[in-house]
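Produce the entire structure from the sequences given, and follow the hints as far as they go.
In terms of this note's numbering, the first sequence opens at residue 1 and continues consecutively.
Derived by calculation from the structure, the hints in this document are not laboratory data.
Among the clues, some could well be false.
[Said to hold, decoys possible] With a Cα cut of at most 35 Å, we get these calculated DSBU-like pairs of lysine-lysine:
hint, residue 1, residue 2
1, K180, K212
2, K9, K377
3, K9, K68
4, K68, K180
5, K299, K180
6, K373, K9
7, K68, K212
8, K68, K299
9, K369, K424
10, K68, K211
11, K377, K424
12, K180, K211
13, K373, K424
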Amino acid sequence: MSDPVTTFKAPIGTHDVLGPASAQWEGLVATFAQFAFRYDFELCITPMFEDVGVFNRGIGEHSEVAKKEMYVFADRSQRHYALRPEGTAPVVRAFVQHHPTVPWKAWYVTPAFRYERPQAGRYRQHHQLGVEVLGTDDPAVDVEVISLAQRFYEAIGLRRFRLLVNSMGHDVCRSAYVEKLRRHLLANVPGLCVDHRDVWHENPLRVLDCKKRSCIAVTEQGPMLIDHICADCRDHFDRVVAGLLSIGIPSTINPRLVRGFDYYTRTTFEFVSDALDGAQNAIGGGGRYDRLAEQLGGKPTSGIGFGSGIERLLLARDAEDVQPRDLINRTLDLFVIDTTDLDVATELVDELRSAGFATGRSYDRRSMKAQMKVADKSGARLALLVGPLEDAAGEVTIRDLRSADFEQRQRTVARGDLALEVSKLLND
RNA sequence: GUGGGCGUAGCUCAGUUGGUUAGAGCGCCAGGUUGUGGUCCUGGAGGCCGCGGGUUCGACCCCCGUCGCUCACCCCA
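Set out below in structure tokens:
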């Protein structure tokens, strides 16, 4: 017996995607790319890892993700890098580095890495589709970004989801509010949940997001950010909500909506699926980040974007029992069956594929019966049979695999007429 | 980081109070005469029973550890 060989598995919290699930992925990404194009966004590809400073911007970084969930490492030259935990900061870093003309509208598809315990809908490597717009604070662009998400979700078949919106104000009005909140919390520390009783002062806003009854009891007596933002921020927010309404997108104001990254200003939003359980029900979210470009060393530049988790979208679609209608056609046109000893199939499939047909074949010189079975399972519409007889006559037999009466639907054509005959049959 | 559940063929799972060659369904492969797919029939391949240690005459089964999966808290996509 041979010695045992070490086997490997995908790392904890990661997963491989093979067919048929990968076809769903292809469909989602292709649909998103199409929407991005429709909304006039360009693709932006940035590195999988960045200087840790891109995600952990000095003092005042309160994001849980940046604090304790990043994959950080030193390379061979002791440069400190982090695997990207999210999509926005790298795109903004690229904006600052290359200063494209504004408004700059970019979309991306990327893995994101977070070191946390995996569970349903949560992975150490998940994948996000998203967009960013830099260089304008026009509420119309907030509406555009949100509507892109909304229409995309609709296009992939989701129905049971809701849009939650809130405004974080800008630095001045938010800090004034945080002071008010701080005073309120200080006066009610004993009422907070065990988790927040000791750490509430590090980031008072997080307490608003706490789902514990005790914290909710305290905060609902206190001030809400949306009621304390300045007139400009309030006006901006109202125009976003009105803009959404004008194109038929309903939104619910959720004053407790506090997103996980500290760079948000003004508009923040989240799409939640009612088909998923509460813990991991966010299928997408984002907001405005009018100070981020500055924090990354650029000129003050407004920005807004959103990210959506591919895994979450697929879970939500599953949970909604959406018809598995194909977003992308994965059906073969033809399957070539070759029983000659000459490997005619190699020439045939090349000819057919060059002519634009999705064509499969079998290998290893299997029996005709075996090849027919494979052809059937492939889902191909037509089978092309070449045996010694056809080959000698310069012909090919075309058989319709989808026809119910499989005794009859078969005929032989000259090889020169093949492409023409095939396209005729496929267009029937 | 904390806690619960679970690890047996490619997949979904059985496995009797610990007892000798570990099973099923699906999938895969090959046949059911002379070149033809959906059903059916027959046969076959494929398992360090997650890994390591312990108890025992004997362990898939009991005990300990470990790794992994999964679910929840937390956090988020």
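Measure nothing beyond the straight line between the CA atoms of K369 and K424; if it is 35 Å or shorter, mark the hint as holding.
-> holds (26 Å)
Would you check the hint for K9 and K68, treating anything up to 35 Å between C-alpha atoms as holding?
-> holds (25 Å)
Does K377 pair with K424 here, judged by a C-alpha cut-off of 35 Å?
-> holds (23 Å)
Do the alpha carbons of K9 and K377 lie within 35 Å of each other, as the hint requires?
-> holds (29 Å)
Does the alpha-carbon distance linking K373 and K424 stay inside the 35 Å limit?
-> Judged against 35 Å, a Cα distance of about 24 Å means the pair holds.
Is the hinted pair K68 and K299 satisfied, with a Cα-Cα distance of at most 35 Å?
-> holds (29 Å)
Given the hinted pair K180 and K212, is their alpha-carbon gap at most 35 Å?
-> Measuring from Cα to Cα gives roughly 21 Å; hence the hint holds.
Given pair status - K9, K373, alpha carbons within 35 Å = Given pair K373, K9 holds - Cα atoms ~32 Å apart, limit 35 Å.
Decide if the proposed pair is consistent with the structure: K299 and K180, CA atoms, cutoff 35 Å inclusive.
-> OK: K299 and K180 at ~31 Å, within 35 Å.
Does K211 lie within 35 Å of K68 when you go C-alpha to C-alpha?
-> It holds: about 21 Å lies between the C-alpha atoms, which stays within 35 Å.
Taking 35 Å as the top limit, are the C-alpha atoms of K68 and K180 close enough?
-> holds (28 Å)
For the pair supplied as a hint, K68 and K212, confirm whether the alpha-carbon distance does not exceed 35 Å.
-> holds (22 Å)
Violation of the numbered hints given earlier is absent; every hint is satisfied by the structure.
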